[in-house]
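Enquirer: Residue numbers (our numbering), protein chains in the order written: chain A, 1 to 173; chain B, 1 to 252.
Treat each hint with caution, since some may be false.
Claimed, not checked - Far from chain B by the CB rule (all over 12 Å, computed), these chain A residues:
hint	residue
1	Ala11
2	Pro77
3	Lys118
4	Ala121
As the list claims (entries may be wrong) - Chain A regions said to be covered by chain B (calculated; three or more residues, Cβ under 8 Å):
hint	region
5	17-30
6	49-55
To be verified - Cβ pair distances, simulated, as ranges:
hint	chain 1	residue 1	chain 2	residue 2	range
7	A	Pro59	B	Asp137	34 to 40 Å
8	A	Thr35	B	Ile210	34 to 40 Å
9	B	Asn10	A	Pro59	25 to 31 Å
10	B	Asp126	A	Thr35	51 to 57 Å
11	B	Val140	A	Ala81	53 to 59 Å
12	B	Asp16	A	Lys38	42 to 48 Å
13	A	Met32	B	Asn10	22 to 28 Å
14	A	Asp95	B	Lys97	49 to 55 Å
15	A	Glu124	B	Glu124	34 to 40 Å
16	A	Pro129	B	Ile141	14 to 20 Å
Everything labelled a hint here was simulated from the structure, so no lab data went into it.
Ideal Cβ positions, reconstructed from N, Cα and C, are used throughout, including at glycine.
Read off the chains here:
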Amino acid sequence: MSKFRKKGKKAAPGVNTSSLPDIVFMLLFFFMVATTSKESDPSVKVTQPEGVRTTDMTPYKQRSEIDFMYVGKPMNPARAAKYAEMGMEYMLFMDNVAQSTPDELYNVNAIRRWKLDKFDAKPERMSEPITGVITCIKADEGAPSGIIFDIRKELQEIDALTIAYAVRDNGGI
Amino acid sequence: MAKRDIPEINAGSMADIAFLLLIFFLVTTTMDKDQAYIRNIPKKVEIEIKDDTKVEERNICLIKANSQNQLMVRKEIMENPDDISERVIEFYNTNEKVNDPSNNFPMYSRISMQEIQDGLAIAEADAETTENTPNADASVIEYKYKVVDEWMGKKRALELYGQKELPEIHGQAHVRIEVQKATEYSLFAKIQSEIEEAIFELRDIAAKEIFGETYGVITRRYAMDKDPNDKEKMDLLKILYPDRFIEVTPKK
Numbered sequence: 001m002s003k004f005r006k007k008g009k010k011a012a013p014g015v016n017t018s019s020l021p022d023i024v025f026m027l028l029f030f031f032m033v034a035t036t037s038k039e040s041d042p043s044v045k046v047t048q049p050e051g052v053r054t055t056d057m058t059p060y061k062q063r064s065e066i067d068f069m070y071v072g073k074p075m076n077p078a079r080a081a082k083y084a085e086m087g088m089e090y091m092l093f094m095d096n097v098a099q100s101t102p103d104e105l106y107n108v109n110a111i112r113r114w115k116l117d118k119f120d121a122k123p124e125r126m127s128e129p130i131t132g133v134i135t136c137i138k139a140d141e142g143a144p145s146g147i148i149f150d151i152r153k154e155l156q157e158i159d160a161l162t163i164a165y166a167v168r169d170n171g172g173i
Numbered sequence: 001m002a003k004r005d006i007p008e009i010n011a012g013s014m015a016d017i018a019f020l021l022l023i024f025f026l027v028t029t030t031m032d033k034d035q036a037y038i039r040n041i042p043k044k045v046e047i048e049i050k051d052d053t054k055v056e057e058r059n060i061c062l063i064k065a066n067s068q069n070q071l072m073v074r075k076e077i078m079e080n081p082d083d084i085s086e087r088v089i090e091f092y093n094t095n096e097k098v099n100d101p102s103n104n105f106p107m108y109s110r111i112s113m114q115e116i117q118d119g120l121a122i123a124e125a126d127a128e129t130t131e132n133t134p135n136a137d138a139s140v141i142e143y144k145y146k147v148v149d150e151w152m153g154k155k156r157a158l159e160l161y162g163q164k165e166l167p168e169i170h171g172q173a174h175v176r177i178e179v180q181k182a183t184e185y186s187l188f189a190k191i192q193s194e195i196e197e198a199i200f201e202l203r204d205i206a207a208k209e210i211f212g213e214t215y216g217v218i219t220r221r222y223a224m225d226k227d228p229n230d231k232e233k234m235d236l237l238k239i240l241y242p243d244r245f246i247e248v249t250p251k252k
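I would like the entire structure built from these sequences, with the hints used as guidance.
Expert: In structure tokens form, the structure reads like this:
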């Protein structure tokens, strides 16, 4: 009558993981194709405002005809508080240089030097004159527009006459 | 030599390697695209302009925002920034079909092919004489050829438009954005967004009428395969509804 044999001590069969690399590689390739590399890691917090009918900057990035600037509050809360005390809530961040103090932000040379250095470092094949190289400003929602116009003025001085205001495209919703 | 079995390579750590790569790419890349509005900064001029030419009020679509983020469009206080695009559209198309001097909107002129041909001939002759003048300023020559190019553009546009006359908004008509230093960037961006929306909508409607497809479709296709026909279509739409924006540097 012992149709059901008493369960003996049997080891569970190991799961076959030989296809795991395949799965992970597939994921890897998906992310490699679907994403673009970050330009830089800004030390200021930027929440972009929303907008519609925007232009995609990806083709310009591929041709390296674009440089990015960030305007926002410092991510480090201690620093943010310190600068807020000095009446300097929003900071300008260019590559790995944060323009920390008010003096430095309005230091006329900083923006110009940054843009000219960036232009010199462009690959040889780029034929666009500096007038056409876009300067894309990614500013926080709450940033004062005055900063934008200060930047514009500096760029005008060195003939870098194309500018772009970054927004988050909400697709017209 | 005796046949030897090739030992199997242990691929157990392959998954680990792949994971490592995957995580690296996850960290260093971003998913979201960079979206922006491209604008041009006016070139710096060395010479001082003494008496600036007066622009008629009807040709200015003035959008003002103050430090309290309050909006004013053409001297009218506006509560909802979503309405800006409607006012910009109104600015462009009120006089489009019939000029009505009694209202405060920019006038349209209609030029025929004959007028364009004449204008082109005059501009070409002018450019040539300037070029042949000794000691002519290079920038002046450049400017004269720009005028010639403009006429050529109009000629191509009218050919494509297929009508007898090409409607053209007044040359001084523009949208002017005046913000203050403390105006929030979100409002500034909103104004830019609304203007862009208005221009797109106007061009969309015109494009549907003329070519049976929207401006958005044409620009997207042009970005993909750079078809010169699409470029001409876009040029025509840009002549019909030019995007002349002036962003005034705030004084306070």
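Enquirer: Hint by hint, note whether the structure agrees.
Expert: Hints versus structure:
| no. | hint | result |
| --- | --- | --- |
| 1 | Ala11 | 19 Å, holds |
| 2 | Pro77 | 21 Å, holds |
| 3 | Lys118 | 16 Å, holds |
| 4 | Ala121 | 20 Å, holds |
| 5 | 17-30 | holds (count 8) |
| 6 | 49-55 | holds (count 7) |
| 7 | A:Pro59 - B:Asp137: 34 to 40 Å | 36 Å, holds |
| 8 | A:Thr35 - B:Ile210: 34 to 40 Å | 39 Å, holds |
| 9 | B:Asn10 - A:Pro59: 25 to 31 Å | 45 Å, violated |
| 10 | B:Asp126 - A:Thr35: 51 to 57 Å | 53 Å, holds |
| 11 | B:Val140 - A:Ala81: 53 to 59 Å | 56 Å, holds |
| 12 | B:Asp16 - A:Lys38: 42 to 48 Å | 25 Å, violated |
| 13 | A:Met32 - B:Asn10: 22 to 28 Å | 26 Å, holds |
| 14 | A:Asp95 - B:Lys97: 49 to 55 Å | 52 Å, holds |
| 15 | A:Glu124 - B:Glu124: 34 to 40 Å | 38 Å, holds |
| 16 | A:Pro129 - B:Ile141: 14 to 20 Å | 19 Å, holds |
The structure fails hints 9 and 12 (numbered hints given earlier, in ascending order).
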